[in-house]
Amino acid sequence: MSQSYNRGTIESFGRWREFSAGMWAWIFHKFTGWVLVGYLFTHIAVLSTAMEGAEMYTNTIVTLEGLLLVRILEVGLLAVAVFHILNGLRLLLVDLGVGLESQDKSFYASVILTGAITVASVPTFIAGAF
Amino acid sequence: MSTQPPQQQSEEPAAEQSADAESTPAAQQRREDKKAADRDARDERQAEKDANEAKANEDTREIKVFRYDPEVEEKQEPRFDTFHVPFTKGMTVLDAVIYARDQFDPSLTFRHSCRQAVCGSDAFFINGQQRLGCKTQISELEEPIRIEPLPHQDVVKDLVVDMDHFYEEMEAVDPYFDPDETPDGELEEQRQSRQNREKVKMSTRCIWCGACFSSCNIAAGDNEYLGPAALNKAYRFAMDEREGDQKTQDRLETIEQEHGVWRCQTQFSCTNVCPKDIPLTEHIQELKREAVKKNLKFW
Chain H
1 MSQSYNRGTI ESFGRWREFS AGMWAWIFHK FTGWVLVGYL FTHIAVLSTA MEGAEMYTNT
61 IVTLEGLLLV RILEVGLLAV AVFHILNGLR LLLVDLGVGL ESQDKSFYAS VILTGAITVA
121 SVPTFIAGAF
Chain D
1 MSTQPPQQQS EEPAAEQSAD AESTPAAQQR REDKKAADRD ARDERQAEKD ANEAKANEDT
61 REIKVFRYDP EVEEKQEPRF DTFHVPFTKG MTVLDAVIYA RDQFDPSLTF RHSCRQAVCG
121 SDAFFINGQQ RLGCKTQISE LEEPIRIEPL PHQDVVKDLV VDMDHFYEEM EAVDPYFDPD
181 ETPDGELEEQ RQSRQNREKV KMSTRCIWCG ACFSSCNIAA GDNEYLGPAA LNKAYRFAMD
241 EREGDQKTQD RLETIEQEHG VWRCQTQFSC TNVCPKDIPL TEHIQELKRE AVKKNLKFW
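If you read the protein sequences in the order shown, they are chains H and D.
For the first sequence, the numbering used here assigns the number 1 to the initial residue and increments by one for each residue that follows.
For the second sequence, the numbering used here assigns the number 1 to the initial residue and increments by one for each residue that follows.
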């Protein structure tokens with residue numbers, strides 16, 4: 001053996017089309033987790049405007065809610081949070097060793113449920129934005 | 001192919017016998033006619049046989065095999081070679097690469113031994129999944145069939161990967177039965193309850209093929225992670241009631257370290273690819289619970 005060839009880890013994510021349910025669940029869970037961490041900081045930033053007085057806080061909220069982009073981002077935030085919650089419950093079951101054979105089905109169920117809840121929430125979030 | 005020669009042998013002595021019995025020109029003529037007829041029939045059969053063979057050859061499967069050879073300068077750049085292998089019913093991926101090696105390119109290199117999913121030497125990356133070559137039917141795969149060496153392991157040549165790291169992780173968990181104490185009588189057997197045997201049954205099926213280790217995303221990124229196969233080995237002995245408490249504690253201490261069970265993030269990749277259908281994730285999860293139980297104190 002004179003030398004060996006290292007194909008690297010590129011192939012892992014380069015082959016995303018071949019990923020199975022468990023892998024997608026992991027990727028989505030990481031992604032939604034990071035989005036929620038990021039949101040936490042914006043959340044604190046917006047709330048901290050209350051330090052400047054009640055009027056300042058009201059103004060900030062009213063201005064933000066007046067933007068269509070913020071309304072759309074809120075729908076996205078809900079989708080991310082709902083998926084993270086549902087998949088978190090799924091992982092809880094996995095940790096308890098319950099229903100490991102149907103872990104792929106529970107992943108699909110959480111995706112479908114997330115989609116349904118998100119769609120149902122759209123009227124509430126978008127109302128009055130236009 | 002094999003039926004042809006015996007037929008010819010049985011026909012020709014018969015023709016000679018009739019030649020001895022009659023020696024008139026008419027008989028000669030008849031004999032020649034008969035020979036010509038035989039020849040025609042033989043030609044016809046040959047043509048039919050050729051046609052059959054050609055027809056069989058039409059039913060080929062296209063395989064693309066990863067090639068790399070560090071010792072030949074022109075082959076140092078990895079590439080894919082395409083082979084068209086004649087398909088036969090029940091053909092496995094291993095059969096196909098063996099055919100390609102024997103008929104087309106003797107330099108094609110891969111490991112194989114028992115051909116019946118026992119030795120665990122021929123785990124390849126087939127159509128984007130770690131599979132055992134001898135256990136994967138060609139007919140179940142989409143064409144062209146891409147056959148590559150296992151990912152996340154260094155390629156030594158063609159489909160041969162360096163398994164040293166995998167074996168190191170396996171050895172790290174003491175993959176052998178090691179009881180605290182043996183029965184007094186020299187040859188007395190150590191009994192295991194049926195329930196306990198059932199519990200460890202699936203985990204004993206591991207053949208060290210390395211498919212799970214190669215499929216694990218965490219093992220790819222963390223070189224020290226024991227990996228699914230080694231943790232399954234640890235499970236197999238930690239759950240065996242014959243080993244005694246002391247050894248079980250030792251085993252749990254090994255697997256609960258930083259690069260042990262807690263690295264597993266339940267992607268289920270290993271469970272999906274295991275050619276022996278071992279519920280690897282389930283075993284790792286159970287070890288996690290055992291590790292927690294060991295350290296929880298309520299007083």
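Don't take each hint at face value.
Stated by the list, open to error - Some chain D residues judged to face chain H by a derived CB distance under 10 angstroms, without partners named:
hint : residue
1    : 76
2    : 151
3    : 246
4    : 265
As the list claims (entries may be wrong) - To give an idea of the interface, some chain D residues facing chain H are shown, with a C-beta separation under 8 angstroms as derived from the structure:
hint : residue
5    : 36
6    : 37
7    : 78
8    : 80
9    : 82
10   : 102
11   : 104
12   : 106
13   : 154
14   : 249
15   : 252
16   : 254
17   : 272
18   : 281
In case anyone wonders, no lab produced these hints; they're calculated from the structure.
All C-beta atoms, glycine included, are put in the ideal place defined by N, C-alpha and C.
Cross-check of the supplied hints:
1. Proximity of residue 76 of chain D to chain H holds as hinted, the smallest CB-CB distance being about 8 angstroms (cut-off 10 angstroms).
2. The closest approach between the C-beta of residue 151 of chain D and any C-beta of chain H is roughly 5 angstroms, which is under the 10 angstroms cut-off, so the hint is satisfied.
3. With 10 angstroms as the threshold, the beta carbon of residue 246 of chain D stays out of range of chain H, its nearest partner Cβ sitting at about 26 angstroms, so the hint is violated.
4. Look at residue 265 of chain D: its Cβ gets to within about 6 angstroms of chain H, closer than 10 angstroms, so that hint holds up.
5. The beta carbon of residue 36 of chain D comes no nearer than 63 angstroms to any beta carbon in chain H, farther than 8 angstroms, and the hint placing it at the interface is violated.
6. The closest approach between the C-beta of residue 37 of chain D and any C-beta of chain H is roughly 61 angstroms, which is over the 8 angstroms cut-off, so the hint fails.
7. Hint on residue 78 of chain D holds. Least Cβ distance to chain H is approximately 6 angstroms, under the 8 angstroms limit.
8. Checking residue 80 of chain D against chain H by beta carbon gives a least distance of about 13 angstroms; that is not within 8 angstroms, so the hint is violated.
9. Among the interface hints, the one on residue 82 of chain D is violated; its C-beta lies about 20 angstroms from the nearest C-beta in chain H, farther than the 8 angstroms criterion.
10. A least Cβ separation of about 24 angstroms between residue 102 of chain D and chain H goes past the 8 angstroms threshold, and the interface hint is therefore violated.
11. Interface restraint check: residue 104 of chain D against chain H, minimum CB-CB distance 22 angstroms, threshold 8 angstroms, status violated.
12. At about 20 angstroms, the closest approach between the beta carbon of residue 106 of chain D and any beta carbon in chain H exceeds 8 angstroms, and the interface hint on this residue is violated.
13. Residue-level restraint check for residue 154 of chain D holds (minimum Cβ-Cβ distance to chain H is 4 angstroms; threshold 8 angstroms).
14. The criterion of a C-beta within 8 angstroms of any C-beta in chain H is not met by residue 249 of chain D, whose closest approach is roughly 22 angstroms, and the hint is violated.
15. Among the interface hints, the one on residue 252 of chain D is violated; its C-beta lies about 17 angstroms from the nearest C-beta in chain H, farther than the 8 angstroms criterion.
16. Taking 8 angstroms as the C-beta contact cut-off toward chain H, the hint placing residue 254 of chain D at the interface is violated, the least distance being around 21 angstroms.
17. Because the beta carbon of residue 272 of chain D sits about 5 angstroms from the nearest beta carbon in chain H, less than 8 angstroms, this interface hint is met.
18. With a cut of 8 angstroms, the hint placing residue 281 of chain D at the interface with chain H holds, because the nearest CB-to-CB distance is about 6 angstroms.
Checked against the numbered hints listed earlier, the structure breaks hints 3, 5, 6, 8, 9, 10, 11, 12, 14, 15 and 16; every other hint is satisfied.
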